[in-house]
Amino acid sequence: MTTVPVKGTVPARGHAARGEARRLVLRRLADRLWWSLCAAALLGIVVPVVWVLAGVVGKGVRGWQWSVLTTTTQGTGGGLANAIMGTLVIVAGVLVIAGSVGVAGGVYLAEFCRDGRGGLLRGASEVLAGVPSIVLGYVGYIVLVVHFHWGFSLLSALLVLSAMVVPYIVKTTEVALRNVPTAYRDGSEALGMPRTYALRRVVLRPAVPGIVTGLILAMAIAIGETAPLLYTANWSNGYPSAHLLHAPVAYLTYPVWTFYNQPQASAHRLSAEAALLLVALVVVLIGLSRLVVARTQRHTEGHRGAR
Amino acid sequence: MVPAQDARRARPADPPLSGESPPAPPAPEGATATHRAAVSAWWRGHAEGVLKWSTGVAAVLPSLALAAVLVALLVEAIPAIRGNGLGFFTRSAWEPGNFYNPPVTIGGVTRPAGASYGAWPLVVGTLESSLVAIVVAVPVAFGTAMVVVWKLPRRLSAGIGFCLEMLAGIPSVVFGLWAALTLGPFLSRHVFPFISHHTPDVPPLSFFHGPVGSGEGLATSGLVLAVMVVPIIASTSRDLLRQVPRGTEEGAVALGMTDLEVARTVSIPWVRAGVFGACVLGLARALGETMAVAMASGVVLGTIPHDAYATFGTIASVIVSQLDSALTDGTGFAVRTLAELGLVLLGISLLVNVAARLLVRRSSSVALPVGRGI
Numbered sequence: 109m110t111t112v113p114v115k116g117t118v119p120a121r122g123h124a125a126r127g128e129a130r131r132l133v134l135r136r137l138a139d140r141l142w143w144s145l146c147a148a149a150l151l152g153i154v155v156p157v158v159w160v161l162a163g164v165v166g167k168g169v170r171g172w173q174w175s176v177l178t179t180t181t182q183g184t185g186g187g188l189a190n191a192i193m194g195t196l197v198i199v200a201g202v203l204v205i206a207g208s209v210g211v212a213g214g215v216y217l218a219e220f221c222r223d224g225r226g227g228l229l230r231g232a233s234e235v236l237a238g239v240p241s242i243v244l245g246y247v248g249y250i251v252l253v254v255h256f257h258w259g260f261s262l263l264s265a266l267l268v269l270s271a272m273v274v275p276y277i278v279k280t281t282e283v284a285l286r287n288v289p290t291a292y293r294d295g296s297e298a299l300g301m302p303r304t305y306a307l308r309r310v311v312l313r314p315a316v317p318g319i320v321t322g323l324i325l326a327m328a329i330a331i332g333e334t335a336p337l338l339y340t341a342n343w344s345n346g347y348p349s350a351h352l353l354h355a356p357v358a359y360l361t362y363p364v365w366t367f368y369n370q371p372q373a374s375a376h377r378l379s380a381e382a383a384l385l386l387v388a389l390v391v392v393l394i395g396l397s398r399l400v401v402a403r404t405q406r407h408t409e410g411h412r413g414a415r
Numbered sequence: 016m017v018p019a020q021d022a023r024r025a026r027p028a029d030p031p032l033s034g035e036s037p038p039a040p041p042a043p044e045g046a047t048a049t050h051r052a053a054v055s056a057w058w059r060g061h062a063e064g065v066l067k068w069s070t071g072v073a074a075v076l077p078s079l080a081l082a083a084v085l086v087a088l089l090v091e092a093i094p095a096i097r098g099n100g101l102g103f104f105t106r107s108a109w110e111p112g113n114f115y116n117p118p119v120t121i122g123g124v125t126r127p128a129g130a131s132y133g134a135w136p137l138v139v140g141t142l143e144s145s146l147v148a149i150v151v152a153v154p155v156a157f158g159t160a161m162v163v164v165w166k167l168p169r170r171l172s173a174g175i176g177f178c179l180e181m182l183a184g185i186p187s188v189v190f191g192l193w194a195a196l197t198l199g200p201f202l203s204r205h206v207f208p209f210i211s212h213h214t215p216d217v218p219p220l221s222f223f224h225g226p227v228g229s230g231e232g233l234a235t236s237g238l239v240l241a242v243m244v245v246p247i248i249a250s251t252s253r254d255l256l257r258q259v260p261r262g263t264e265e266g267a268v269a270l271g272m273t274d275l276e277v278a279r280t281v282s283i284p285w286v287r288a289g290v291f292g293a294c295v296l297g298l299a300r301a302l303g304e305t306m307a308v309a310m311a312s313g314v315v316l317g318t319i320p321h322d323a324y325a326t327f328g329t330i331a332s333v334i335v336s337q338l339d340s341a342l343t344d345g346t347g348f349a350v351r352t353l354a355e356l357g358l359v360l361l362g363i364s365l366l367v368n369v370a371a372r373l374l375v376r377r378s379s380s381v382a383l384p385v386g387r388g389i
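Taken in sequence, the protein lines are chains A and B.
Residues in the first sequence are numbered from 109 upward in steps of one, following our numbering.
Residues in the second sequence are numbered from 16 upward in steps of one, following our numbering.
Bound conformation, chain A alone (with noise of 0.2 Å):
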């Protein structure tokens, strides 16, 4: 969109055509002015990305070693490789638990929900997703850990975890049912196939790529998570056992958070290494949700070219 100059097109003499003219240079300084503000604006989100990633990526290569992969956490020295596999564990129990109940809920509201009470569902689930994520950390303590017997243990943090990320994955499958050409489904239909049969093959297959993207999104919350784990999976010096009571589980976030403002040299070290594991998966996830969204582009409705 380019200015389109008013110069010329009003007629007019003396006085009235300098005050024109002014007026014009006037709105034109606004408008540059406006524009120079926005752009500087981007550097609010520029600068703090760079800087960021430009710690982040510093700190942890400085004092990298490669044992870090291998070895595990001995106190506040050794390396990472039990809060490596916790996090694995814990991402895939969040996609089990969260990923079959958020799609399921979501098909449910897409599909078979009329509206009036599928507002309810929605809301409760949009409330859920506002909880603040240490409000749900110590009431999974409180019930789960202690009230039930549970102990620190891998279950609970997966139940808490899921509880946090299930209304994103509900609202994206629902989102990305509902962006699903309403000709598949009439086209279906003409053809008499039975209603599940037509959801099965014909109206899931182009959601597919928006209900990954939100189990993507709630992959990188389950990795980025801090303050539910704190009190539900605790934290273990070993790699995670196959119980799922009773056993605390070491994750990635802890040794950012307990480890920097200790005294040792190779407790910074490891806080710094876990940062930057934590920074690459999310940067892995990222492009994978791009690659996700790239493939989705030509299935969904109402898609308008981006400006």
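Hints listed in this document are in silico derivations from the structure and should not be mistaken for laboratory results.
In this text the structure is predicted, and so the values were computed from the model without any measurement.
Idealized CB from N, CA, C, for every residue including glycine.
Hints should not be assumed to be uniformly reliable.
[As the list claims (entries may be wrong)] Pulled a few chain B residues facing chain A out of the computed Cβ check, cut under 8 Å: (1) Gly60; (2) Ala73; (3) Ala195; (4) Gly317; (5) Thr318.
[To be verified] Non-contacting residues of chain A with respect to chain B, defined by C-beta distances greater than 12 Å in every case (computed): (6) Gly122; (7) Arg130; (8) Ala162; (9) Trp172; (10) Gln173; (11) Thr180; (12) Gln182; (13) Gly187; (14) Met193; (15) Ser233; (16) Pro240; (17) Ser344; (18) Ser349; (19) Leu352; (20) Asn369; (21) Gln372.
The hints should help you fit chain B onto chain A, whose structure is shown.
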């Protein structure tokens, strides 16, 4: 738009359309065959019902989880609510009491002798830091969205989109680490002394006039929160600005308006409600943020920050850092007080969240979940 190719491609190999499952193969005689036929006939009739009910159960689970969280928190907090009374919201003290003396029982609630809790400084700290975050984040986020939609070439705006995704995706502990080790020391060395030195010590501005400290405090926390809130507001604003009808904007251009005037008269009124909703959602995020503030604020109990550089505490950061020591209270009163604190935080953030979502929904029906994530 590509026509329904997937559907067409999928069909030839598929079973006939009469039922959900493929027809039973030519039946060998025997009980199993009739059994299988019966099962498949039953399934054909009930597939939709089964799917509907099983997904329906899954759809109800988040609501049940929410109810469970509310009930558990309330049950846990009730003794603390009775024990702390209304003074909880006005007191500033945070005294766990003496765990070694025999506990006292007042009004049916047992607590250590001398225990006295007040949430006022924490409520103030939570609101103030979030306010700083919003005041800083909104102009940055909206300006970015405007430039990205109106001025930047596609490649560059994709780059900015990547930056926003990074900001949204970087874990909050990493932001906390950055704030504690890099941003805080930098600000306290190079920026805060300058501001503090050049602001006059008169009431509204004296807030920025004071001892600079080590970099942990209100200003640092507010700035980190702003960085974490920006992607929520910016990406929502960007998506809303892209939905403004092109024709109306072009009409305004045809009338001879400058870009700023088009934005002011057409685009901004169109997106106002949605952007406001996103701002409130960002506020909710800032109110509930735990780890970054716990690492950047200094988590101080019992004092209200009276200048921009003072250390302070927020509700969320105090819960996460005090739960360990609260567990040493044999009467359980400290833990229950944290539950009450959590209830206060939940109340504040739910109020803000519900308001925001109502606003966002009214303005755009396909708003993706905006909140924590990418």
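Hint by hint, here is what the structure shows:
With a least beta-carbon distance of about 10 Å to chain A, the hint placing glycine 60/B at the interface is violated under the 8 Å criterion. Interface hint status for alanine 73/B: upheld, as the beta-carbon distance to the closest one in chain A is roughly 3 Å, under 8 Å. For alanine 195/B, the suggested interface contact is upheld, since its CB lies about 6 Å from the closest CB of chain A, less than 8 Å. The interface hint given for glycine 317/B is broken, as the beta carbon of that residue sits about 20 Å from the closest beta carbon of chain A, more than 8 Å.
With 8 Å as the threshold, the beta carbon of threonine 318/B stays out of range of chain A, its nearest partner Cβ sitting at about 21 Å, so the hint is violated. Separation of glycine 122/A from chain B is adequate, the least Cβ-Cβ distance of about 22 Å exceeding the 12 Å criterion. Remark: the non-interface label on arginine 130/A is consistent with the geometry, its nearest Cβ contact in chain B lying 15 Å away (cut-off 12 Å). With 12 Å as the threshold on Cβ separation, the claim that alanine 162/A sits away from chain B is violated: the shortest Cβ distance comes to roughly 9 Å.
Once the 12 Å rule is applied to beta carbons, tryptophan 172/A is consistent with being away from chain B; the minimum gap is 16 Å. The claim that glutamine 173/A is not at the interface with chain B holds, since no C-beta of that chain comes within 12 Å of its own (minimum 19 Å). Non-interface status of threonine 180/A relative to chain B is upheld: no Cβ of that chain comes within 12 Å, the nearest being about 20 Å off. For glutamine 182/A, the non-interface assignment is confirmed: its Cβ lies about 22 Å from the closest Cβ of chain B, beyond the 12 Å cut-off.
For glycine 187/A, the requirement that its beta carbon stay farther than 12 Å from each beta carbon of chain B is met, with the minimum near 19 Å. Non-interface status of methionine 193/A relative to chain B is upheld: no Cβ of that chain comes within 12 Å, the nearest being about 18 Å off. At roughly 4 Å, the least C-beta separation between serine 233/A and chain B is not larger than 12 Å, which violates its mark as non-interface. Some Cβ of chain B comes within 12 Å of the Cβ of proline 240/A; the nearest lies about 3 Å off, and the non-interface call is violated.
With a cut of 12 Å on Cβ distances, serine 344/A stays outside the contact zone with chain B, its closest approach being about 17 Å. Every beta carbon of chain B lies more than 12 Å from that of serine 349/A, the smallest distance being close to 24 Å; the non-interface claim holds. The non-interface label for leucine 352/A is consistent with chain B: the shortest C-beta to C-beta separation is roughly 19 Å, beyond 12 Å. A Cβ of chain B approaches the Cβ of asparagine 369/A within 12 Å, the least distance being about 7 Å, so the stated non-interface status is violated.
No Cβ of chain B approaches the Cβ of glutamine 372/A within 12 Å, the least distance being about 15 Å, so the stated non-interface status holds.
Checked against the numbered hints given earlier, the structure breaks hints 1, 4, 5, 8, 15, 16 and 20 and satisfies all the rest.
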